[in-house]
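Trainee: As a plain string of letters, each chain reads:
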Amino acid sequence: MIEVKPVRRVELSLWQKTYYPELWKGMLVTSRHFFVNLGRHVGRSLGFKTKPARVTIMYPEERRPISPRWRGRHRLMLRPDGSPRCVACMMCETACPDLCIYITAGESPDGRVEKYPVAFEIDLLRCCFCGLCVEACPEDAIRMDTGYLELASYSRAEFYVDREFLMHGSILTTHSQYAGELDGRPAHRIDLVKLARGH
Amino acid sequence: MWLDLGLIVGKIAVAFTGIITGAFVLTWAERKQSALISDRIGANRAAILGIKLLGLINSVADAMKMVFKEDFLPPKGLRFLHAMAPVFAMFPVFMTFAVLPFGPPISIGDRIVPLQILQLDIGVLYILAFGSIAVYGVMLAGWASNNKYSLIGGMRATAQMISYELIIGLSLIGPILVYGSLDPGVMATAQNEYLWGWIPKWGIIVQPIAFLLFLPAAMAETKRAPFDLPEGESEIIGFATEYSGMRWGMFFLGEFAEIVVLAAVLATVFLGSYQVPFLFDGGEMAGLAGFHFPWGAYVPLGEWVVVALRVFSFGFKVLVLMWLQMQIRWTFPRFRYDQLMRVSWREMMPIALLNIGVTALIIRLVS
Ligand code: SF4
Ligand code: SF4
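First to last, the protein sequences are chains A and B.
Take the first sequence: its position 195, counting from 1, is numbered 195 in my numbering, and each next residue is one higher.
Take the second sequence: its position 9, counting from 1, is numbered 9 in my numbering, and each next residue is one higher.
FYI, nobody ran anything at the bench for these hints, they're computed from the structure.
Only a predicted model underlies this, so the values are computations on that prediction, with no experimental measurement involved.
All clues given are correct.
Calculated cross-link-like contacts (lysine to aspartate or glutamate; reagent style EDC-like; alpha-carbon spacing at most 16 Å):
#1 K115(A) x E139(A)
#2 K17(A) x E347(B)
#3 K52(B) x D62(B)
#4 K51(A) x D39(B)
Which stretches of chain A does chain B cover? Using the computed rule of at least three CB atoms under 8 Å from a CB of chain B, they are:
#5 17-27
#6 34-47
Interface residues of chain B toward chain A, partial, derived using beta-carbon atoms under 7 Å:
#7 L36
#8 I37
#9 D39
#10 R40
#11 I41
#12 T331
Just so it is clear, CB atoms sit at the ideal spot from N, CA and C, and this is done for glycine as well.
Given these sequences and hints, build the entire structure.
Mentor: This is the structure in structure tokens:
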């Protein structure tokens, strides 16, 4: 049987129903804030050490401490020799609920490793920053940087980040820079036309 | 003749600058006051050469932005009416101020000059009339936009304004009965009388219910929260949807001007206009200008000091009432439309009628 938990509505007293007195009580609250804060502002500008009258963080100048658990932009970890730690196992691509990771696997030049990602691209505009890719990775090759929150750009294309960007945090490398590694296989890079079509 | 003309122009200039400055300061106060209430800082980014003037530069920046924004007219919109609507919304507000005295009559040479642009026996009717004309601005804006949502928004706003216009009219009848005049100048003078010799006979004291009715009704008339349903963007698109740039700005400058004028009307009718308790000028006290306290104390003041004090007191009252309206706007939640209508027709209207009846009865019994 479904249990029903009745939620008792708060009955308003007649005094409250008349509306006016309660409104003025509300006015008292806001007025107190107004005058207290005004006093603090004036005190500060006169050089007194009063409590700050605000909760605002003046963003570009002041920054809010970010939680260590913050999931920011992705990063691909490197081996000591500078090659990506990723073995192109596609676990993250599979785990991703937004299907926004696109990996093209290639045979690794390193004999001890089978595969490596020729192209590794993430569409950050589709990403919901759930961190499942990080959880899924068996190689600890993909992580999410904490402390990084300025994900802003003037074009959509710049949110489509590629392997070099993920490895080195550098600006977008052009396709041709590593096109040679692709051996004629298509990379998943979506151009703006495709993005506009809704992919 | 020339002196008269000069005086009139001078008074108009004073009143006009007063309202415009008030409206301009209000655009700033709206942002800063709401910030203070909610423990924020508010506008503080715009600066000229690093000088921010506590955020006042932001208002200048806002104005510049509005002037340079595209002036949009929807296709098939009615160009003339679309352009006129903001004027209709703003112009009556400025006209209203004409009958309000902003200071006591002063004597220059051998003539008495009232500090009131227009001395009108039917002043209150004049205020109500121009208040009603402001409805046209909203309605025309909705109509000329050639947008059904705007039209509906305009109709809704009109219905609201008319409903509350009614309450304004009814609640002003009480004070009219008490003062026995429709002239704000006479009302102002009458408020320097005292009940039992010591309670100032201000409108708020002799007509408290009328005050409590007039304040919210007039705020509904200015279309500001908690009555800002014309902009109820969560339910319907407002009447000003198809307005941009300075035309939109005029609507809201008009709204701010309305706050100033409303504060002035409230001060005039209910808060003793320019009167300061127990302050009399020479004419009223046989040449003994100054404070005459009911317990017999007398602080002599010069005739001009009295005038200055009174003009200042009017300005101060207007400022306080402007502050109050802002505070109300940032405190109370918005009404729902049916609540709005119910409050007007089923709650405020009977009380207003009752107030008139009781007032009339008391006046009849007392006299
Ligand atoms: S954070 Fe989530 S949505 Fe974003 S790429 Fe990783 S798995 Fe996909
Ligand atoms: S799960 Fe890790 S190793 Fe596998 S493809 Fe993704 S990043 Fe590379």
